[in-house]
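Q: Produce the entire structure from the sequences given, and follow the hints as far as they go.
Now for the letters of each chain:
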Amino acid sequence: MEDIKDNLSKILTEAKEKLLSAKSLKELNILKLNFLVGKKSHFNTLTDVLKSASKEHKAELGRNINLAKNQLEEMFLSRTNDLLLATDESKEWFDLTLPHTSPKIGHLSPDTQVIRKMNSFFIRHGYSVAEGRDIEEDAFNFEKTNLPKDHPARDLQDTIYIESPEILLRTHTSSVETRILSSYKPPLRFVVPGISYRNELINPSNHALFQQYQGVLVDEGISMANLKATLEEFAKFMYGKDVKTRLRCKYYPEVEPGAGMDVLCSFCKGEGCRICKHRGWIEILGSGMIHRNVLEKCGIDYRKYSGFAFGMGLDRIIMTQFGIEDIRHLHGGNLVYEDTL
Amino acid sequence: MRIPYNWLKEYIDTKKTPKEAAMLLTSIGHALDKPIVEEHQDFVLDLEDRGNRSDTMSIVGIAREFAAATGEKLKFPKLSIIPTTQNENFKIKIESDRVLRWRAVIYKNVRASDSPKWLKLRLLAFGLEPKNTIIDITNYVMLELGMPTHAFDLDSFDEIILRQAKKGESLKTFDGGTLSFDENDLLASDSKKPLTLTTAVGGEESGITTSTKNVLFEAGLYDQPTARRSALRLNVRNETAARLGKYLHPQYCELALARIIYLMKSVCNLEPELSSFDYYPNKPEDRTIELTKERLDLLAGETIGLGQAGKILESLEFLIEGVHNEKLIVKVPYFRTDVTMEEDVIEEILRIRGYNLIPSDLPQKPSPEVLAFPIMQLEEKLRDILVNLGLTEVIGLQIQDESQLKALNLVTSENYLVDNKSFKAVRLENSWNEELNTMRTELFTSLKGYAQTYLKHQATKISLFEIGKTFYQDPKKTGFDKYIEQRKAALLFLQKNSDQYTQFLSLKEAVFKALKQLGLDKLSIINAKHSLFKENISANVLCGTVSIGSIGIIKQKICSFSDLDGTTSYAELDLEQVSLLQDQSFLPKTLTSVKNFIIEDITYTLDEREEVGPFIEKLSKEFQDGTRVLLKNTPYKDATLSKEHKKKVTITVYKPNFT
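So the protein lines, in turn, are chains A and B. Just so we're aligned, residue 1 is where the first sequence starts under this note's numbering, counting upward by one. Just so we're aligned, residue 1 is where the second sequence starts under this note's numbering, counting upward by one.
Among these hints, one or two may not hold up.
To be verified - Covered stretches of chain B, as calculated for chain A (at least 3 residues, CB under 8 Å):
hint : stretch
1    : 356-364
2    : 477-487
Unchecked claim - Which chain B residues stay away from chain A? Per the calculated CB distances, all over 12 Å, these:
hint : residue
3    : Ile81
4    : Asp158
5    : Glu610
Simulated from the structure, these hints should not be mistaken for lab results. From a predicted model like this one, the values you see are computed outputs, not experimental measurements. All C-beta atoms, glycine included, are put in the ideal place defined by N, C-alpha and C.
A: Okay, here's the thing in structure tokens:
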């Protein structure tokens, strides 16, 4: 036992002397091998001694060895620093252009990026971001959105059913609007991004599953003027402050009065071209004052509150921003970011 | 609706060019849908159909709108008087309550010849092929007034019965098709056979030919849903079906017949027989609506005088029946079946006045309380964390191929989930694609599609994630409540030539890092079977004792089936559980003073199958003074240890030095 303690202090003294005389990092490394890390280093030998020590001494010995080892490691570190400081840095050379090998960067999906951009505008204007169910009841998807059973507009929304006629996949995010209007009290401001489903044949520009974005504001005294200003600000945010917009009368069952918003075609400046299908304008969203029937069916007093709603398909916007030509590539598994490869 | 502009100009005096006219019509709600084309000596404006308007599926209807917007006067087409109603002179029986009105006259000794050029050009400009004078006149009236009519060869049947079809009855149509009916279809038949599907299309046998001598013209209106459903089910899409599917006022029957009589005189120089038929059981009441200034100003967002409002309404042929201090009593014209309430009237005023005159005024009220959707906030945070960990987000289809789910052994042949037999997959009743017929039960199916694409791009290391819903049904429940939607996050790592343990551990590291950043603590892993994973590398992720997801290495069989050439690790987290366990107020602990530790490496010999995670946990529990216990390096086995089924684990212990 005492032998080992002596041995330890001898090793430390010897190491100290040799460390001070070491003139280079190379020399230091050799010393490190001899004393600390090498298979036949002093400390490894001591560990073997420890194995054969009696049980009563083992714990104390172990502690002593560890303490000495820590001291030695500190001595090495401090000598390494001294030697480094003494080195002439002007002679050092590193290849700074060596490519890093860490994992590739990640990206958010195009959908998320566009939705976040839109959310940022509406959150700034006091809207909450809401969500709802994909599997819906007829009541919330149709009845409460002013599309009773025999309404002609139902024919336009070819529905995918789970259990016809009552349980279906939502055909629009208006179902989330009616859910929220039915369970929260005004004043309310919210937007709803979400996938909607229609039983339609798919082709490069049309899909049965599509991203929709819906906005709703209900409060006392809300007017078409409020709707118009909100949509104009939004269009400026999305398309730049010089964008030209127009609001025109359009029919949607869940609003009255109803309005479509167009932006002037940036390619032909209104002259008419292939991009705008020769209309001169491109429709970006549908909107209007929430129909009295919708408010009533959701339990809101339409005499006290009025509100507006607007909705738009996001796929076209996403495709334009990311240069995607075929809508089927959006969610079909084909889309890859080049810099993640 | 295609509007030949020169035809339109028969009813209004205007100097506007076709383009100017299109702009004007667009601004009041009849948007130009396609480029203006010059055809058959006319300019055709193709306007969007408005879903709620039956009156504007006609040239006169659009002319009336045009007149209101420009202040011009509408010149209504000339009409003739219909002979007196004497139903007893007709062999017509109405046996269905779905007939709203049926009006008819008879012509004898006609000759169905070629129509005059002007009539042919009109039809051609619209896009209808001219046939003969009788048919052309009915088509002309339909396009002009919006009311479909039909001409029967009077000698081709013994009587007319309007009734619902019997299942299995069929009809050969004038255009060579055959329709097979059920009880929901409304027919005109004689005592033996169907003559027409009266809501959409005429029959071949009772149609007009060059040998027709005597003709019965009818103008009939029916229950609109019946008309729409028949057309949809029988796939009859034509101008008649489109119009009869909308709510046309029964007054149109009168107008159409009066116009036919006028044209028969002017084109064929023929007069009808001296009596007419009229079945008209329930005349709709006139509709009056109260328009208050308060509501008008509120919705408009500015003050519009009632005087101006009244003038606009009169230009649209609304009648102002009363003017009170702050309100108008407005009688709605018969043809405006879409106007049923005050807001409809307000829209009329605003659109004719011009939406461009509506002021812009952002809502001034303070923002209401934020609606809390914590799971959406969680998802947003998780997206950022995962992207920062180097993963890329993808979004797949919520609808999957059932046969693939079965092939992957994720659902049983009876559609039960293999991993949770108390739930079934949700199947669609109808779909645009026969193969895509089931709501996804996990996110793997969509992630694997993206992984395949990355492999095609020769990627060797793939890290993807998706945040989205999965869907199930609980067969023990009924109705809407049985359908369950769960929000999930799935992570997929694929690396070529990687060993599966490294691959598993790197995914585990990503999952744990993400969960920790979300404020979850006490994370661990416990072996558990999952149908996607290899049996020995398949586990649940636990937070405390609650399972919040699964993690493992995808079975080789599934990888081969899915063309995933590489070691694939996959984890799916239940975000609703994560949200419940998330410590929203979680902040990482900070230290401001440096602690001294005594650092010690201790090597333990364990059974080769003893789990190191719980062992370290147990060890750290034994120290109670802030001691940190960390794994120094991966477990080690040499030949001797292997023989004894043992392994060595070196642990570094950081004990606070209190001296």
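Q: Please go over all the hints and tell whether each is borne out by the structure.
A: Here is what the structure says about each hint:
For the stretch 356-364 of chain B, the stated coverage by chain A is satisfied: 7 residues place a CB nearer than 8 Å to a CB of that chain, which reaches the threshold of 3. Judged by the Cβ-Cβ criterion of 8 Å, the stretch 477-487 of chain B is covered by chain A as claimed, because 4 of its residues qualify and three suffice. With a closest Cβ-Cβ approach of about 34 Å to chain A, isoleucine 81 of chain B is found to remain outside the 12 Å limit, as its non-interface label requires. Distance check on aspartate 158 of chain B: its Cβ is at least 35 Å (rounded) from any Cβ of chain A, clearing the 12 Å threshold; non-interface status holds.
With a cut of 12 Å on Cβ distances, glutamate 610 of chain B stays outside the contact zone with chain A, its closest approach being about 23 Å.
The structure fails none of the hints (numbered hints given earlier).
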